[in-house]
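Student: Sequence:
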Amino acid sequence: MSKNSYLKRLSAVLIANLVLTSSALAIVIRHDKPVDSYLAVKDDFPPLATFYNIGVHGTLIAPEWVLTAAHTVFCLSEGQFIRVGNEMIEVAARYSYPSYELGEENDLALIRLKAPVLSVQPAKLYRSQDERDKEVWFIGSGGTGTGLTGETVSYKDNNGILRKAKNKVVAVTNSDLRFVFEAGQQGLELEGVSGNGDSGGPAYIKEDDGYYLLGVSSRVDSWFKDVGEYGVKELYTRVSTHVDWIDKVMSADELERAKLSSSDGFLQAGMTPENLPNICASISLTSVD
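As numbered in mature numbering (1 follows the signal peptide of the UniProt record, and there is no 0), residues -26 to -1, 1 to 263 make up the sequence shown, in order.
It is possible that part of the hints are untrue.
Cut-off 30 Å, straight-line C-alpha distance, at most; resulting in silico cross-link-like pairs (BS3-like, lysine-lysine) [unchecked claim]:
id, residue 1, residue 2
1, Lys140, Lys7
2, Lys222, Lys88
3, Lys88, Lys98
Listed next, with one range per pair, are the computed distances between beta-carbon atoms [unchecked claim]:
id, residue 1, residue 2, range
4, Arg106, Asp6, 36 to 46 Å
5, Gly134, Lys180, 21 to 31 Å
6, Glu181, Leu92, 21 to 31 Å
7, Lys180, Ala255, 30 to 40 Å
8, Glu248, Ala157, 38 to 48 Å
9, Glu52, Pro72, 18 to 28 Å
10, Val9, Leu229, 44 to 54 Å
Read the hints as simulated data drawn from the structure, not as lab findings.
Model, not experiment: these values are computed from the prediction.
Beta carbons: idealized from backbone N, C-alpha and C, even for Gly.
Model the full assembly from the supplied sequences, consistent with the hints where possible.
Tutor: See the structure below:
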């Protein structure tokens, strides 16, 4: 892959006969570990939110609030339903980081829900800026594969199976946490990275008092490495350096929220205002998904 930085394949959209083929990222695993050791269930990270039938995620951080990546919000308008735990909850509004531009830094958005989620304990925001060298978990549904091949199983063929994997924060910037998919002895026991189906998903740790959200799945930053290949570099938006904005948006009134955020839908390749309603209808969750 010759492009230096690109969204995690969510933007690879082709619409034909109202069918959306996309590549919103999922979990890719080591080739030398049992596949079953990466399988996950909802209880592994109860605050996980799922937006579409192709995957794409966020994290419940308060009963009426979900944190995700800004590049995932194109269908998350008022009236859209998402899943948190076993509940289907209606979206009330979305608020993206004000300076975000598609494919760039500060890839973060808040989703306000019309009703509180009371069956799931929200994740806590990680507020300390000591993330470097921490080992964290990724979780999501979508396509999969191994580091030798990259992603080889599409989100459709994966059929919503959850996987989780570990990785280590190797560097930080003001905007992002950086991860590398290492092979062999350089990698963790359950080393992995996101693949097609996990955009907006969490980088998290579990402590005695609950789950902490450190990062939000954003994009890849690698020369000549495709999604899920050994050596690929992943960027997750850093929560600790954005907590002031998150706190302000959640505590503000609607007028102030509008001043603090962008209302852009960040339409991606193949999307137009005219075809977006059909796209959203084709990937929307239903009660039987």
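Student: Provide an ascending list of the numbers of those earlier hints which the structure does not satisfy.
Tutor: Number 4 - this is the single hint that the structure violates.
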